[in-house]
Amino acid sequence: MSAAGTRARGRGRGDAGDVLVVQGLDVTVREQMLVEDVTFTVRSGERVGLIGESGSGKSLTALALMGLLPEGLTATGSVRVDGVRHDLVGADERAMSRVRGRDIAMVFQEPMTALNPTMRVGDQVAEAMLIHRTRPNRKAAHSAAVELLEQVGLPDPPDTARAYPHQLSGGQRQRVVLALALANDPALLVCDEPTTALDVTVQAFVLDLIVQGVLDRRAAMVFITHDLAVVATVCERVMVMYGGRIVEAGPVQAVFTRPRHRYTQGLLGASDLAVVDDRGRLATIPGSVPAAGRFPAGCVFRNRCAHATALCETRPPWTATGNDAGFACHHPADAADAAPTSASEGRQR
Amino acid sequence: MSDVSASTPASSPPPDAAGRRSRRRVNPNLLVGASLVLLIVGMAIVSFFWTPHDPTLVNAATRLQKPSGDYWFGTDKFGRDVFSQVMVGARTTLFVGFVAVGVATAIGVPLGVLGGMVSRGPGEVLMRGNDLLLAFPALLLAIMFAAVYGASTLVAMIAIGIATIPSFARLIRSGTLQVMGTEYVLAARAAGRSPFAIGARHVLPNVSSLVIVQASVSFAIAVLAEAALSFLGFGTPPPTPSWGRMLQESQEMLWSAPRLAVFPGVAIAVAVLGFNLLGDGLRDRFDPKLDDRR
Amino acid sequence: MTGSVPQGPGSDADTDPVMRGVAATAPAYPAPAGIPVSPDPAAISVRNVTRDYRRPRTSVLRASEPVRALRGVSFEVAQGERFGIVGESGCGKSTLLRIISGLDHATTGSVHIEGTDLTGRRDRQLRFLRTRLQLVFQDPMSSLDPRMRVHDIVAEPLVAQGRGPSRERVGELLEAVGLQAAAADRYPHQFSGGQRQRISIARALAPRPNILVADEPVSALDVSVRAQVLNLIADLVDELDLTLVFVSHDLSVVRHVCDRVAVMHEGEIVEMGPVADVYDDPQHPYTRQLIAAIPTLSKALSGTTAADLTRETSP
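Residue numbers (the numbering used here), protein chains in the order written: chain Y, 1 to 349; chain F, 1 to 294; chain P, 1 to 315.
Rather than coming from a laboratory, the hints here were simulated on the basis of the structure.
Even glycine gets a Cβ: it sits at the ideal position worked out from N, Cα and C.
Be careful, since some hints might not be right.
Claimed, not checked - Distance windows between CB atoms, simulated:
hint: 1; chain 1: P; residue 1: His189; chain 2: F; residue 2: Leu273; range: 18 to 26 Å
hint: 2; chain 1: F; residue 1: Ala269; chain 2: Y; residue 2: Gln23; range: 52 to 60 Å
hint: 3; chain 1: P; residue 1: Pro146; chain 2: Y; residue 2: Thr74; range: 24 to 32 Å
hint: 4; chain 1: P; residue 1: Val67; chain 2: Y; residue 2: Asp159; range: 20 to 28 Å
hint: 5; chain 1: Y; residue 1: Lys139; chain 2: F; residue 2: Arg128; range: 47 to 55 Å
hint: 6; chain 1: P; residue 1: His189; chain 2: F; residue 2: Val41; range: 31 to 39 Å
hint: 7; chain 1: Y; residue 1: Met112; chain 2: F; residue 2: Val41; range: 41 to 49 Å
hint: 8; chain 1: F; residue 1: Arg120; chain 2: P; residue 2: Phe128; range: 21 to 29 Å
hint: 9; chain 1: F; residue 1: Ala200; chain 2: Y; residue 2: Ala297; range: 40 to 48 Å
hint: 10; chain 1: P; residue 1: Gly90; chain 2: Y; residue 2: Pro117; range: 18 to 26 Å
hint: 11; chain 1: F; residue 1: Ala269; chain 2: P; residue 2: Leu61; range: 48 to 56 Å
hint: 12; chain 1: P; residue 1: Arg208; chain 2: F; residue 2: Arg120; range: 30 to 38 Å
hint: 13; chain 1: P; residue 1: Arg127; chain 2: F; residue 2: Ala200; range: 18 to 26 Å
Unchecked claim - These stretches of chain Y come out as covered by chain P in the derived footprint (C-beta under 8 Å, 3 or more residues):
hint: 14; segment: 27–35
hint: 15; segment: 225–235
Could you put together the complete structure from these sequences and hints?
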């Protein structure tokens with residue numbers, strides 16, 4: 001990969017510098033808590049996954065980081081990003097527009113809607129740099145754009161730069177969106193289900209490019225998805241969200257092999273298609289994710305949890321198990337428990 | 001069955017429709033539009049039972065009176081009470097609107113559904129014919145009708161209705177195409193539903209919101225068209241009061257008694273605005289994108 | 001510009017489907033149309049099916065090139081078998097499903113369902129098919145009419161076949177898929193995705209079909225609900241002795257659900273055989289690429305990176 005990506009802009013990016021510090025982030029709509037007390041830190045060069053099912057609040061968390069919450073939803077708490085002097089929560093639109101695309105960038109699920117259909121893709125990437133004045137002039141921006149398109153593996157970059165979004169395939173569009181996001185070497189890249197709309201083989205390429213792009217820039221990444229396998233492939237650290245709260249966090253290896261929270265445990269069991277009972281059936285979590293605002297008080301998972309007791313009517317405290325690791329469960333799975341994944345390799349059917 | 005107790009969440013009350021609706025902000029367009037329309041409708045209904053004066057009574061003694069306690073909007077050059085005429089004129093206006101929109105809906109909606117469901121051959125021919133009609137000016141058609149069948153309210157409104165058919169058909173066709181592309185129509189076909197049943201059970205209910213919105217907007221257009229026709233002398237013949245003809249009659253006295261033009265003019269504006277706002281409000285209401293379910 | 005997957009045009013040897021297992025070669029089908037055939041015919045028999053779509057003209061002078069959605073597909077599904085079809089978007093799997101379900105017609109080739117030829121039959125002549133084969137769709141939101149109550153949705157196949165909707169039957173069906181009979185009075189939007197998919201399954205079971213065709217039935221569902229719906233389908237297939245055709249882009253789901261699988265690519269079946277064989281020892285390069293590209297937990301936890309997922313496809 002070319003050195004263009006690593007061209008620093010005078011923002012010293014230390015090895016262990018905190019790039020994103022989120023503290024007590026709440027998202028509310030009319031008294032209703034959609035995201036509650038989310039706290040985490042992402043350091044430079046770190047890739048952190050945020051997983052959860054639909055309605056878990058993971059996408060709202062991402063939008064809150066970007067200051068892109070839909071009208072009517074309000075964020076409180078604190079979101080600080082390295083290189084930005086002010087708190088992102090409560091910052092006005094003008095301040096945020098200077099931050100977005102330069103210090104933090106986002107890759108969305110739907111690549112078509114993230115691109116302007118009436119503009120050539122090369123111009124869009126160049127414009128992203130001109131807006132934030134990270135390139136001196138149009139010519140420099142344009143050649144940098146072509147270089148970026150090459151970095152994201154698009155065929156014949158000068159030619160592709162002249163194409164309109166509708167002339168590209170879904171996978172190619174997502175590459176353009178990634179080039180757009182990486183254009184100004186952001187300190188933080190937020191990806192919200194970036195490959196969910198793509199075919200498996202295309203997904204593999206795009207995931208690889210995202211990881212490469214982040215590594216080359218020593219950027220921090222928050223990767224949001226419902227797909228446990230994707231998160232395990234792409235990230236080093238993972239946070240599990242349910243009912244608007246982070247219920248468990250830790251290194252991917254630890255969380256996915258020795259889950260402590262009962263929800264994480266259930267999620268892992270349900271997603272493992274290789275482990276079946278004697279009738280050939282998969283492990284399940286009973287019930288379904290409640291609608292927003294209908295999660296039980298106390299532990300949000302207790303109405304679907306086999307281990308729930310009266311104690312779970314009170315909110316479980318965060319039990320730290322290490323740096324950036326912990327869980328919030330009154331009846332956690334035993335730390336020594338073998339992972340459900342490794343429980344049985346053979347299929348019984 | 002399976003080891004799943006999925007029946008539990010189904011039994012818990014889902015976020016009910018009523019709750020969602022009440023959380024939605026009241027749409028100002030809908031509110032203002034509905035109020036104006038109600039005002040016109042109320043006036044028309046009351047006029048059946050009571051008007052301050054006989055709107056058609058010519059009385060030389062009360063010519064060109066200024067607005068007063070007795071004559072709220074004054075009188076015209078024949079001594080007829082303007083307020084009473086505006087009230088009865090609302091009747092004409094609504095009548096015209098209902099018939100015109102009724103004609104357009106009754107023919108345009110089935111045409112659009114048919115055009116959307118039969119995409120090839122006959123459907124295509126149908127829609128091209130529709131486009132031809134769309135290109136024909138509504139007023140010109142109405143004037144031709146009036147020339148052939150004589151000027152009357154009924155002829156005017158049927159002509160306006162016919163001229164409105166194409167816009168209904170186009171809109172409903174695009175709605176139908178959308179519904180026909182959904183998986184529930186595919187499921188209905190796989191279940192063995194006949195095309196007729198699919199049209200009646202799936203397409204019509206799902207395009208009904210489009211019909212309602214288009215009807216209220218067309219209503220406004222019909223009101224304007226009737227006023228224009230009456231103004232030109234091709235619409236409602238005297239002595240039946242009509243806002244358009246009142247405007248025409250006021251023309252020669254525009255300098256001496258401008259109020260004669262103002263009252264029917266305002267009435268027309270209120271009716272058109274009311275139906276347009278109602279249409280806009282209903283559109284917002286039915287727009288799934290504005291549904292705040294998340 | 002085409003897909004971003006570097007995939008050269010395969011040589012002839014490349015595109016020859018790799019067939020394995022007992023039913024690898026379809027037996028010759030002797031019966032002329034309309035005449036009942038062998039005593040125990042296959043549930044589904046597809047022979048050399050092609051499907052071309054006409055693209056709208058872009059030139060007045062020349063007719064545009066047809067899109068060849070299917071390029072000669074043949075396979076057979078035995079009674080009671082669980083058959084998977086795997087492929088990525090645009091591979092022709094949805095077109096194939098529609099042809100099997102009598103919702104679209106093959107350009108050439110023939111489809112027999114339980115021994116009856118579908119070729120040339122119009123909608124009205126497909127009544128037998130509607131009672132024997134039913135569909136479950138991918139998107140639980142768009143596959144249920146938002147303006148209909150659940151009762152009417154589930155009863156639709158019964159009404160369509162003139163059997164009249166009975167409340168008991170609908171309640172029975174809803175309970176069979178793990179919902180309460182009271183759900184019949186509600187509208188689809190009042191249910192979660194998984195519950196809507198259950199309603200869709202209840203509708204498919206209403207006419208007591210022998211064959212259930214499921215088009216990506218779990219790919220729009222959350223992980224915790226996916227397992228429930230997969231279990232439900234497995235339970236129903238076992239209990240009602242259904243023949244299952246399960247279409248998915250996810251080979252690992254098909255591996256769990258099905259006995260046999262066909263891998264489709266660019267309108268053709270490139271590989272077919274028992275799931276375990278295809279999954280563990282893929283023969284066709286495309287199948288290998290597909291399997292390598294699927295991220296799985298166990299692969300990731302043993303150190304597979306995103307770069308590794310693309311290794312089978314590296315140019």
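Verification of the supplied hints:
no. : hint                              : verdict
1   : P:His189 <-> F:Leu273: 18 to 26 Å : 34 Å, violated
2   : F:Ala269 <-> Y:Gln23: 52 to 60 Å  : 57 Å, holds
3   : P:Pro146 <-> Y:Thr74: 24 to 32 Å  : 30 Å, holds
4   : P:Val67 <-> Y:Asp159: 20 to 28 Å  : 25 Å, holds
5   : Y:Lys139 <-> F:Arg128: 47 to 55 Å : 51 Å, holds
6   : P:His189 <-> F:Val41: 31 to 39 Å  : 33 Å, holds
7   : Y:Met112 <-> F:Val41: 41 to 49 Å  : 46 Å, holds
8   : F:Arg120 <-> P:Phe128: 21 to 29 Å : 26 Å, holds
9   : F:Ala200 <-> Y:Ala297: 40 to 48 Å : 47 Å, holds
10  : P:Gly90 <-> Y:Pro117: 18 to 26 Å  : 21 Å, holds
11  : F:Ala269 <-> P:Leu61: 48 to 56 Å  : 54 Å, holds
12  : P:Arg208 <-> F:Arg120: 30 to 38 Å : 35 Å, holds
13  : P:Arg127 <-> F:Ala200: 18 to 26 Å : 19 Å, holds
14  : 27–35                             : violated (count 0)
15  : 225–235                           : holds (count 8)
The earlier numbered hints that this structure contradicts are 1 and 14.
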